[in-house]
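Taken in order, these protein sequences are the chains called A and B. For the first sequence, UniProt numbering begins at 1 and goes up steadily by one. For the second sequence, UniProt numbering begins at 1 and goes up steadily by one.
SDA-like mimics (lysine to any residue), calculated; alpha carbons at most 25 Å apart, straight line:
hint, chain 1, residue 1, chain 2, residue 2
1, B, K137, A, F64
2, B, K137, A, L50
3, A, K19, B, R118
4, B, K137, A, M45
Honestly, the hints are just simulated from the structure, not real lab data. As the structure is a computational prediction, the values presented were derived from the model and not from experiment.
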Amino acid sequence: MTITVLYFAWVRERIGLPKETVETTAATVMDLVEELRAREERYAMAFSDLSALRVAVDQDLTEFDATLDGVREVAFFPPMTGG
Amino acid sequence: MRIVVQSAPFDFGAEAQGFASGHKDMGAIVTFTGVVRDLEGDTLDRMVIEHYPGMTEKALEKIATEAMSRWGLGDALVIHRFGELRPGDMIMMVATAAPHRVDAFDAAEYLMDYLKSRAPFWKQEFTSDGGAWVAAKDEDEDALKRW
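Just chain A, same shape as in the assembly:
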């Protein structure tokens, strides 16, 4: 399946792009993270400490064990600092 993956704030800076299309067979967000980590050092660096990251699936905040079944968009970012 094809998923749009978005990166924000320092995750975007470390990976070096804001958005990409990923062809994947990952069943969960964690599987997708493993696939990305295996790609290149910059991905491994960005995903080295998952406690410092948050994930949204189709624009809803979720957990790393969330399923990717039917999902079109996944976003990775640091804890939010609004207000």
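Following the hints, position chain B against chain A.
Leaving out everything else, chain B in the frame of chain A:
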């Protein structure tokens, strides 16, 4: 209920006046405005706020809808800016209208607590040393527990 996400400045006076008008059954209007604060011991040149278009509006609507039903609000307003801001610039505002003031104050605090850690905005501060991402504080996450 109105949610606005924009890069342009907003007119706090006009927004507050517009929000406070026309509520015959709402005895209390509370407004809060967040301002870009200069750094302690350093000079903040600018703050740049990044956000997640689409999710931002969705998250703010969810938070405001919850506040509306929980405190029986007559109305709620959230305006949040993104892009480049300078010290002293207004970043955001919330306004709540309720029959009584305790509900209006509580709902405004709830909106603030949630949009600090559950709305997808990220702040970056620039000084003469370059840019640094503002880290989320544990106390901001802890603040959600009281609700």
